[in-house]
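Using the sequences provided together with the hints, build the complete structure.
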Amino acid sequence: MDTEPIAVALKFGFLAVLYLFLLWVARSAWRELRTTTTPAPEATGIHPIGPGGRAAPTDAWLVATSGGGLEAGERFDLFGGISIGRSSDADVRIEDRFASGVHARVYSRGANYYVEDMNSTNGTFLNGGRLNGEAKLNDLDEVRIGNTEFRFELDVPDS
Amino acid sequence: MSARNRELLALIPVAILVTGGFTAVFIVESSQIGDLSLIYGGYFLAVCVGIHLFIRVRLPYADPYLFPLCALLAAIGLVMLFRINDELALKQASIFVGGAVLLALTILFVRDYHVLQRYRYLIATAGILLLMAPRLPGIGSQVNGAYLGINLGPFSFQPAEVAKICIVIFLASYLAEKRELLTVAARRIAGLTIPPIKHFGPLLVVWGATMIMLVYIRDLGSSLMFFGAFLALLYVATQRLSYVIAGLALFFVGATLIASHVSHVQDRVDIWQHTFDKNPCHLTKQEINAGEDCGVGQIQQSLFAQADGGLFGQGLGESLLKLPGPFAPHCEQPFPDCGSILPAPHTDEIYALIVSELGLFGGAGVIVIYALVAARGFKAAVMARDGFSKLLAAGLSAVFALQAFVIIGGVVKLIPLTGVTLPFVSFGGSSVIANMILLGLLLMISNDARRPLPPPREEGPVVGGLPA
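These protein sequences, in sequence, are chains A and B. Per numbering that gives the first Met the number 0, the very first residue in the first sequence carries number 0; after that it's consecutive. Per numbering that gives the first Met the number 0, the very first residue in the second sequence carries number 0; after that it's consecutive.
It should be emphasised that the hints constitute simulated quantities derived from the structure, not laboratory data. Treat the numbers as computed from the prediction; the structure is a model and nothing was measured. Please note: incorrect hints may appear among the correct ones.
Said to hold, decoys possible - Covered by chain B, per the in silico footprint, the following chain A stretches (three or more residues, Cβ under 8 angstroms):
1. 5 to 18
2. 21 to 33
Stated by the list, open to error - Below, a sample of chain B positions facing chain A; criterion: calculated Cβ distance under 8 angstroms:
3. I15
4. L16
5. G19
6. G20
7. T22
8. L68
9. G294
10. G296
11. L315
12. L357
13. F360
14. G364
15. I368
16. L371
17. A374
18. F377
A virtual CB, placed ideally from N, CA and C, is assigned to each residue, including glycine.
Spelled out as C-alpha cells, the structure:
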C-alpha cells in the first residue's frame, strides 16, 4: 500500500488541528476579555481591581435613559471604570452616528467617579454643558453622547 | 458551557494530535498503519482525563485552558520523541504520568498556596542551594561547560528547574510586602518615572546575585531567565518601567563584562556571533584534531535543520536526522546520544526538529501555545484578589515564558544558545516534573481568582493590593 499520500495528509491535518485548536482557545480568551458588563457566573470577565485588591465596590451605575440602541433603564455597572463608544472596543457599545469609537470613559478615583471625554469629535455633555477634559460625577448627573443619554446613579437603594 | 466542560472538550483535539502524530511517524518508519498509535492516543487521553477529573473535584473554578495547553505541549513533545526513538517516548510518557501524580500531590498538600509566604526564606534558601548543587564535588556534573545538572546514582537532575519555582515564590512574597517602599517618591524624566537612587538597592542586589550565578554555573540562558522573571515581577509590583530598563541595561553590561572573562560564556557568545566562521572560538590545532568544536556544530545543524523544514515542514518522521545506510556512524550508545546529525535532538534542539518536520507553521504554532499559556497565567494574575497571588501568578507565567524564549531564541540564533529545556516538550524528568508543579500552582491561583465572591461582608481593613 502506498502510504505517501496518507503521510502528507497527516502532516497538514496535524497543522490544521493544531491551528484550529489554538484559534479556538485564543477566541474564547478574547471573548472573555470583552464580556465586562455582566460578570458570568464562572467569573470570566476581567474587572479592574480597586484598592484593597478586590473589585471596587459596585455602588455606581450608568443608566441608559434614551437613544444609542439601548433599552431605557438598562444599567451598566461601573466597577472601577468603563468606556463608552461606537466601536467594539468600548465596554458600553452604543449605536449612535454622533459618537466616536471610544467616546468617553467613566472611572473611579479615590471615593469619587469621574467622566472624561476621550477626544471625541462631537464632545460629551454633562448636564447640558460641554465637557472639557474630565469632571466629577454627582448622583443623578446627566451624561449625553451624541443622541444617547445616560444618568449617573450612586448608591441607589435596592430596587 | 462550564469551565470544566470546556477543559474536557479541549483535551479531545490534543488526543487527536497525539494519535495523528504517532500514526504519521509510524507510517514513515514501517510503511503501514497500525493500531499502535491509537493505543498511544488512548493512553494519553486517559491520563489527561484523569488529571482533568482531579481538577474538576479539587479546583472547580480553575482556568479551563491552562491544562489542555500544557497537555498539547506534552503531546507535541511525545510525538517528536517517538520520532527520534520510541524508547525515549515511552520513558517520557511515564515521566508525564509521574508528573501528573506530582501535580495532584502539589494541589493536595499545599492546599492553600498562601502558606508558602510564611516559609519564604526557607524556600529561597532551598532554591539557592539547588542552584549551587551542580558545582558541588561528587554530585555535580558539567555538560558542555555549563554546570546545570547533578547526578544522584542512576538519576540525573537539573536543579535549576525546581529552583526557578522557589525563587519566584520568594520574590513574589517579598515584593508583595515591600512593594510600597519601591514605589514612593519618584520624579518623572522624559516620560519615565525614576525613583530615587537608593530604591534601586534591591535591583542591584538581585543583579549582583545573577552575575555571581552566571560566573558560577556559567549558563547565560538560565541567568537571563531568572533575572528576567525578577524584572517582570518588579514591574508588576511597582509599574515602574525605569526599573526594567535599568535592569536590562545592567544585565547587558554585566553579561558582556563577564563573557570576556569566563571562557565558556565567551565561547557561547562567539559561536553565536560568528556561527559560520572558521574556528569561531579560537581552538588550537590539537583541540580541533581531537574533534572538539566548542558546540558550534550544534547551532549550525540547528539552522540547517530548520531551513530544511520550509513553510510546512518535511512531514512527521521525514526529516533527515540520521545518515542512512553506509554513512551511519557506528557507536555503542543508543541513538539520540550518538549518530544524530542534529546534536541533542531530544532536549536542547527539539524545537529545531519540530521546525524541520512541521515547518515554520508548526514552529510558530508552538510559540503561540507558549504565548497562550503565559496569557492565561497573566489573566489569573489580573483576576487574583491579593498581591501575593497576583505576583506569584505573574512570576510563574513569566519564568515559564522566559524559559521557552531562552531556548527557542537560542535555537533560532536570536540569542546565544544555552542548555535549558523547552518546557513540557523536551525530554527530561526534572523539567516535566518542575513544570507540572508550576502548572499546579498556577491552577490553584486561578481557581482562587475565579471563585465567585461570597456575598459582601463589612468593609474589612485594606490589605496591600496591586495597582490595576
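* May I ask you to test the interface hint for G19 (chain B) with respect to chain A, counting a Cβ-Cβ separation under 8 angstroms as satisfied? => holds (5 angstroms)
| query | Counting residues of the stretch 21 to 33 of chain A with a beta carbon closer than 8 angstroms to any beta carbon of chain B, are there 3 or more? | reply | Our answer is that it holds, as 7 residues pass the Cβ test (under 8 angstroms) against chain B, meeting three.
Against chain A, is F377 (chain B) within 8 angstroms by beta-carbon distance?
-> violated (10 angstroms)
Taking 8 angstroms as the C-beta cutoff, is the stated coverage of the stretch 5 to 18 of chain A by chain B satisfied by three or more residues? Answer holds; 12 residues pass the 8 angstroms Cβ test.
Closest C-beta approach of L68 (chain B) to chain A relative to 8 angstroms, hint status: holds (7 angstroms)
Should the hint that L315 (chain B) touches chain A count as held when the rule is a Cβ pair under 8 angstroms? L315 (chain B) check passes; min Cβ-Cβ to chain A is 6 angstroms, inside 8 angstroms.
Let me know if the C-beta of L357 (chain B) comes in closer than 8 angstroms to any C-beta of chain A, holds or violated.
holds (6 angstroms)
- prompt: For the hint on G294 (chain B), does the least C-beta distance to chain A fall short of 8 angstroms?
  reply: Since chain A brings no Cβ nearer than about 31 angstroms to G294 (chain B), farther than 8 angstroms, the hint is violated.
- prompt: Against chain A, with CB atoms and a cut of 8 angstroms, does the hint on L16 (chain B) hold up?
  reply: holds (6 angstroms)
_Status of the T22 (chain B) interface restraint (C-beta, 8 angstroms, chain A)_ = T22 (chain B) check passes; min Cβ-Cβ to chain A is 6 angstroms, inside 8 angstroms.
Interface hint status, I368 (chain B) versus chain A (Cβ within 8 angstroms): holds (7 angstroms)
- Task: Tell me if F360 (chain B) is really an interface residue toward chain A, meaning its C-beta lies closer than 8 angstroms to one of theirs.
- Result: Where the cut-off is 8 angstroms and the nearest Cβ of chain A is about 5 angstroms from F360 (chain B), the hint holds.
In this structure, the earlier hints numbered 9, 10 and 18 are contradicted, and the remaining ones agree with it.
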